[in-house]
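Colleague: Spelled out from the first residue to the last, the chains are:
Number of protein chains: 2
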Amino acid sequence: MDMSSGNLNWSVCLSFSVIVNLICIMLIFSNKHTEKLNWTREAAIAAENVASTSCSGHGRAYLDGLITENGRPICECNACYTGPDCSVIVPNCAVDADSGNPMFLEPFWKQNAGSSSIMVAGWHRMGYEFEDGSLISKQLENVIHKLHETVGNANTSNKYILFGSGSTQLLNAAVYALSHTTYSSSSSTKVVASAPYYPVYKSQTELLDSKKYKFSGHTSSWRNKTRNDKFIEFVTCPNNPDGRLNKAVLHGKFTRHIYDLAYYWPHYTPIPAPMDEDLMLFTLSKLTGHAGSRFGWAIVKDKAVYDKMVEYVDLNTYGVPRETQLRALKLLNVVVRGDKKEMFRFAHTVMRSRWEKLTEILSTSKRFSMEQLPSQHCAFSKQVRPPSPAFAWLKCEADEDKDCFNVLRAANIIGRKGAVFGVENRYVRLSIVNSRDDFDLLQQRLQDLVSKDRSIVQAVTSL
Amino acid sequence: MDMSSGNLNWSVCLSFSVIVNLICIMLIFSNKHTEKLNWTREAAIAAENVASTSCSGHGRAYLDGLITENGRPICECNACYTGPDCSVIVPNCAVDADSGNPMFLEPFWKQNAGSSSIMVAGWHRMGYEFEDGSLISKQLENVIHKLHETVGNANTSNKYILFGSGSTQLLNAAVYALSHTTYSSSSSTKVVASAPYYPVYKSQTELLDSKKYKFSGHTSSWRNKTRNDKFIEFVTCPNNPDGRLNKAVLHGKFTRHIYDLAYYWPHYTPIPAPMDEDLMLFTLSKLTGHAGSRFGWAIVKDKAVYDKMVEYVDLNTYGVPRETQLRALKLLNVVVRGDKKEMFRFAHTVMRSRWEKLTEILSTSKRFSMEQLPSQHCAFSKQVRPPSPAFAWLKCEADEDKDCFNVLRAANIIGRKGAVFGVENRYVRLSIVNSRDDFDLLQQRLQDLVSKDRSIVQAVTSL
Numbered sequence: 001m002d003m004s005s006g007n008l009n010w011s012v013c014l015s016f017s018v019i020v021n022l023i024c025i026m027l028i029f030s031n032k033h034t035e036k037l038n039w040t041r042e043a044a045i046a047a048e049n050v051a052s053t054s055c056s057g058h059g060r061a062y063l064d065g066l067i068t069e070n071g072r073p074i075c076e077c078n079a080c081y082t083g084p085d086c087s088v089i090v091p092n093c094a095v096d097a098d099s100g101n102p103m104f105l106e107p108f109w110k111q112n113a114g115s116s117s118i119m120v121a122g123w124h125r126m127g128y129e130f131e132d133g134s135l136i137s138k139q140l141e142n143v144i145h146k147l148h149e150t151v152g153n154a155n156t157s158n159k160y161i162l163f164g165s166g167s168t169q170l171l172n173a174a175v176y177a178l179s180h181t182t183y184s185s186s187s188s189t190k191v192v193a194s195a196p197y198y199p200v201y202k203s204q205t206e207l208l209d210s211k212k213y214k215f216s217g218h219t220s221s222w223r224n225k226t227r228n229d230k231f232i233e234f235v236t237c238p239n240n241p242d243g244r245l246n247k248a249v250l251h252g253k254f255t256r257h258i259y260d261l262a263y264y265w266p267h268y269t270p271i272p273a274p275m276d277e278d279l280m281l282f283t284l285s286k287l288t289g290h291a292g293s294r295f296g297w298a299i300v301k302d303k304a305v306y307d308k309m310v311e312y313v314d315l316n317t318y319g320v321p322r323e324t325q326l327r328a329l330k331l332l333n334v335v336v337r338g339d340k341k342e343m344f345r346f347a348h349t350v351m352r353s354r355w356e357k358l359t360e361i362l363s364t365s366k367r368f369s370m371e372q373l374p375s376q377h378c379a380f381s382k383q384v385r386p387p388s389p390a391f392a393w394l395k396c397e398a399d400e401d402k403d404c405f406n407v408l409r410a411a412n413i414i415g416r417k418g419a420v421f422g423v424e425n426r427y428v429r430l431s432i433v434n435s436r437d438d439f440d441l442l443q444q445r446l447q448d449l450v451s452k453d454r455s456i457v458q459a460v461t462s463l
Numbered sequence: 001m002d003m004s005s006g007n008l009n010w011s012v013c014l015s016f017s018v019i020v021n022l023i024c025i026m027l028i029f030s031n032k033h034t035e036k037l038n039w040t041r042e043a044a045i046a047a048e049n050v051a052s053t054s055c056s057g058h059g060r061a062y063l064d065g066l067i068t069e070n071g072r073p074i075c076e077c078n079a080c081y082t083g084p085d086c087s088v089i090v091p092n093c094a095v096d097a098d099s100g101n102p103m104f105l106e107p108f109w110k111q112n113a114g115s116s117s118i119m120v121a122g123w124h125r126m127g128y129e130f131e132d133g134s135l136i137s138k139q140l141e142n143v144i145h146k147l148h149e150t151v152g153n154a155n156t157s158n159k160y161i162l163f164g165s166g167s168t169q170l171l172n173a174a175v176y177a178l179s180h181t182t183y184s185s186s187s188s189t190k191v192v193a194s195a196p197y198y199p200v201y202k203s204q205t206e207l208l209d210s211k212k213y214k215f216s217g218h219t220s221s222w223r224n225k226t227r228n229d230k231f232i233e234f235v236t237c238p239n240n241p242d243g244r245l246n247k248a249v250l251h252g253k254f255t256r257h258i259y260d261l262a263y264y265w266p267h268y269t270p271i272p273a274p275m276d277e278d279l280m281l282f283t284l285s286k287l288t289g290h291a292g293s294r295f296g297w298a299i300v301k302d303k304a305v306y307d308k309m310v311e312y313v314d315l316n317t318y319g320v321p322r323e324t325q326l327r328a329l330k331l332l333n334v335v336v337r338g339d340k341k342e343m344f345r346f347a348h349t350v351m352r353s354r355w356e357k358l359t360e361i362l363s364t365s366k367r368f369s370m371e372q373l374p375s376q377h378c379a380f381s382k383q384v385r386p387p388s389p390a391f392a393w394l395k396c397e398a399d400e401d402k403d404c405f406n407v408l409r410a411a412n413i414i415g416r417k418g419a420v421f422g423v424e425n426r427y428v429r430l431s432i433v434n435s436r437d438d439f440d441l442l443q444q445r446l447q448d449l450v451s452k453d454r455s456i457v458q459a460v461t462s463l
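Residue numbers (the UniProt record's numbering), protein chains in the order written: chain C, 1 to 463; chain F, 1 to 463.
Hints should not be assumed to be uniformly reliable.
[What the hints assert, rightly or not] With a straight-line cut-off of 20 Å between C-alpha atoms, the simulated DMTMM-like cross-links for lysine to aspartate or glutamate are: (1) C:Lys36 x F:Glu42; (2) C:Lys303 x C:Glu277; (3) C:Lys211 x F:Asp209; (4) F:Lys308 x C:Glu206; (5) C:Lys340 x C:Glu69; (6) F:Lys417 x F:Asp98; (7) C:Lys138 x F:Glu69; (8) F:Lys159 x F:Glu149; (9) C:Lys402 x C:Glu424; (10) F:Lys138 x F:Asp314; (11) C:Lys110 x F:Glu42; (12) F:Lys212 x C:Asp209; (13) C:Lys214 x F:Glu206; (14) C:Lys341 x C:Glu106; (15) F:Lys211 x C:Glu206; (16) C:Lys214 x F:Asp96; (17) F:Lys36 x C:Glu42; (18) F:Lys138 x C:Glu69; (19) F:Lys214 x C:Glu311; (20) C:Lys308 x F:Asp403; (21) F:Lys214 x C:Glu206; (22) F:Lys146 x C:Glu69.
It is worth saying that the hints were derived from the structure and are not from the lab.
The task is simple: from the sequences and hints, build the whole structure.
Modeller: Next up, the structure:
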């Protein structure tokens, strides 16, 4: 072996080794930011492990779900699916179109997992109050202002914002505040709504049997009778259950309005113009789909009303959990980032397509009809938009179908009875905001029901 | 240069390079588990960045706090500290001993950051209900049973558990439920408490002016007068403000009790035996210090009462946020792990030492006195324990010091007036559960006040 060939071998080995060195060093440096992870690592790994559990697209595992004896997360399946990985369809299962569970937005948040998750430290905001003594995150308040400005659905300028445990808590906080800040000779306030109305207005107003206010039925009974009485009218726009853009009916001197705008988002309705009312309620549940987070907010013009609402929330629950506020902040920051339309495009596309499918199925039926909603100009999307409501408000047209709920129940569809909304049981509300599995099954069941009816009609006609 | 010395050089270089390679490869493999992090990485890094903000031990930065123009987190300083890193003491600052903000537990959670933090995915539990249709995490319910069994402060077997937005929400839920499930000829229920009492019992009961119940003052006014009337008595054990282990005072046929056991933990009192009452309330605020999480629970014996409480929480807020339940689960799992005493040791050590310091300072004073609490056997620690209450219940003994709050206020100490608790203003509550900075300052101010009084007395005596 001569000297040069010896050196050649060494130099090949060394070159190879140096190249490996460089690659390794690059790898280490490219991982520098993960190396920094210290106390967050355990929680991050736990979350990724649970998220990677396969549930066949018909369910998901959660961090606080049940686990197997081996410590593996157990899938929680969508309704009508079962089995360890949710791959088995439950035969003849009744589809749940009762609850307005906004699971149709879950895929959006799965697609945006990286930007929408939060790491809550064990020592995160343990105290009762924020630094300014309030119960409200200033950053979250700011992003809510920005959100409404972006969407153009509510004018928030020169108005107060407070938070509640869902708009649920704020409904009663508003009734309390308005009944204490409206002064007339009458001591008790009548609380009313236009039928069909969201049933919680009644049940919540009646819950504590207050001397100050009383649920007093439909607005239609009180038209032109509001001279000296105090009224609080719930105005729901778009209306739950029928999707109409309701307006206030009563206009007496001592009448006050609570605008429940839970569904006044581009997913569910064209937005003709920003609302600019004295008391408006919104909820995260229907905006981002996070119903489980129980986060709502009120936009209030009058300082005295705002103060009374704050008093109610303080004494009732002492504010909204700080981890919920942190999460709402993160989610809303995703909503208003970039071109500010990403989530709205996703949500509207789903809702519109579902409505079109239902309309098509029911268009051939004489037994059932659905609410007719107009196409309208939407200032947010800058175009005329057809309807895309959260619920189908179904009517059984046949004389004998007085109990429409049972007609549907017999076809394995669970809706919500008209009586719950203050109208006859000829009406049923069907939720179309649920998971895709739920909607697909609802669609199939309705299709079967309508086809069966049509073949009976054809058979009768051909006799 | 001869061949062997050339080869030697090459071999030295190659050996060095190979060693570097091996080290690099080891480094890469030791980082393997962090490399797996995918969608959780962004949130984890954000949380660690904020946590690493230096606030001189007198404050902390939060994920949802304000940021500088350069995007750097801004410290939120403890009271009486200021500056960008909380290193500046505010001169003549009034110390806040008003709020019972349990920040003394913050250091424990900072020490246990790794095991107590949670990663909440954007799609975590978006729906209204858990899989079983309830609003309650089964895993969390289980750990609460385990917790009480471990501590031995409450018998939960054969009882129902429900959750609320702090025990705050559950206080009124309990009043609602008991007034609806106790049947006597009297339609309205009298709600009472033994003075000094926690002021929310009164203000919350009066908030909605219900026809069903009415706050009716002190138990002492109703002793031996309970024959046909319906009573709900709040029994607070240990009592807020004075730390006594209160027992029920009224025992009529139609009298029901709500046991508020917020402070019935080994931090604040010896635990003589497990409570086994029909309706007991607890809160995370005073157990782990997470007051901002607004999480409480009720342990209820009677199914009808439990059902009514569930109805109240459903209609009032539709349950406790799912991210709060997830966090409570994580925190309580830390509490009951290992020898199950780690957090209790920490908490008791702090509270006991603070009480000893206050006792020592005030032992030399004739102007002020504090509640005297007995040492008792504690079944949890298996030893006789001296008191370690959450509050000092101070009395100004001098005839002229009728307004004890103002006496302290003049010495830059903010307490809470006796009148708030239904007694004379000769009493003031001082919170000793706040941050260490707050306590240190309180201690110093009290020391100054007592020393000043003593020197005046000495000067007068020597005249």
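Colleague: It remains to establish, for every hint, whether it holds in the given structure.
Modeller: Here is what the structure says about each hint:
1. In summary, the hint linking Lys36 (chain C) to Glu42 (chain F) is supported, as the alpha carbons are separated by about 12 Å, within the 20 Å threshold.
2. Taking the CA atoms of Lys303 (chain C) and Glu277 (chain C), the gap is about 14 Å. The hint holds against a cut of 20 Å.
3. The suggested pairing of Lys211 (chain C) with Asp209 (chain F) holds, with an alpha-carbon distance near 6 Å, which does not exceed 20 Å.
4. Between Lys308 (chain F) and Glu206 (chain C) the CA atoms are separated by roughly 14 Å; this keeps the pair inside 20 Å, and the hint holds.
5. Note on Lys340 (chain C) and Glu69 (chain C): the hinted pairing is violated, with a Cα-Cα distance of about 45 Å set against a maximum of 20 Å.
6. With a CA separation close to 9 Å, the supplied pair Lys417 (chain F) and Asp98 (chain F) stays within the 20 Å bound.
7. For a cut-off of 20 Å, the pair hint linking Lys138 (chain C) to Glu69 (chain F) stands: about 16 Å separates their Cα positions.
8. Distance check on the hinted pair: Lys159 (chain F) and Glu149 (chain F) sit about 13 Å apart at the alpha-carbon level, within 20 Å; holds.
9. Restraint check for Lys402 (chain C) and Glu424 (chain C): satisfied, since their Cα atoms lie roughly 8 Å apart, inside the 20 Å limit.
10. Proposed proximity of Lys138 (chain F) and Asp314 (chain F) is supported: the alpha carbons are some 17 Å apart, at most 20 Å.
11. For the proposed pair Lys110 (chain C) and Glu42 (chain F), the alpha carbon gap of about 15 Å is at most 20 Å, so the pair holds.
12. Distance check on the hinted pair: Lys212 (chain F) and Asp209 (chain C) sit about 7 Å apart at the alpha-carbon level, within 20 Å; holds.
13. For the hint linking Lys214 (chain C) to Glu206 (chain F), the alpha-carbon distance of about 17 Å falls within 20 Å, and the restraint holds.
14. For the proposed pair Lys341 (chain C) and Glu106 (chain C), the alpha carbon gap of about 17 Å is at most 20 Å, so the pair holds.
15. A hinted pair counts as satisfied when its Cα atoms are at most 20 Å apart, and Lys211 (chain F) with Glu206 (chain C) qualifies at roughly 11 Å.
16. With a CA separation close to 42 Å, the supplied pair Lys214 (chain C) and Asp96 (chain F) exceeds the 20 Å bound.
17. For the suggested pair Lys36 (chain F) and Glu42 (chain C), the alpha carbons sit about 12 Å apart, so the restraint of at most 20 Å is met.
18. Between Lys138 (chain F) and Glu69 (chain C) the CA atoms are separated by roughly 16 Å; this keeps the pair inside 20 Å, and the hint holds.
19. The suggested pairing of Lys214 (chain F) with Glu311 (chain C) holds, with an alpha-carbon distance near 19 Å, which does not exceed 20 Å.
20. Pair hint Lys308 (chain C) plus Asp403 (chain F) does not hold up; C-alpha atoms about 30 Å apart against a cutoff of 20 Å.
21. Of the supplied pair hints, the one linking Lys214 (chain F) and Glu206 (chain C) holds, its CA atoms being roughly 17 Å apart against a limit of 20 Å.
22. Using a Cα cut-off of 20 Å, the hinted pair Lys146 (chain F) and Glu69 (chain C) holds, with the two alpha carbons roughly 18 Å apart.
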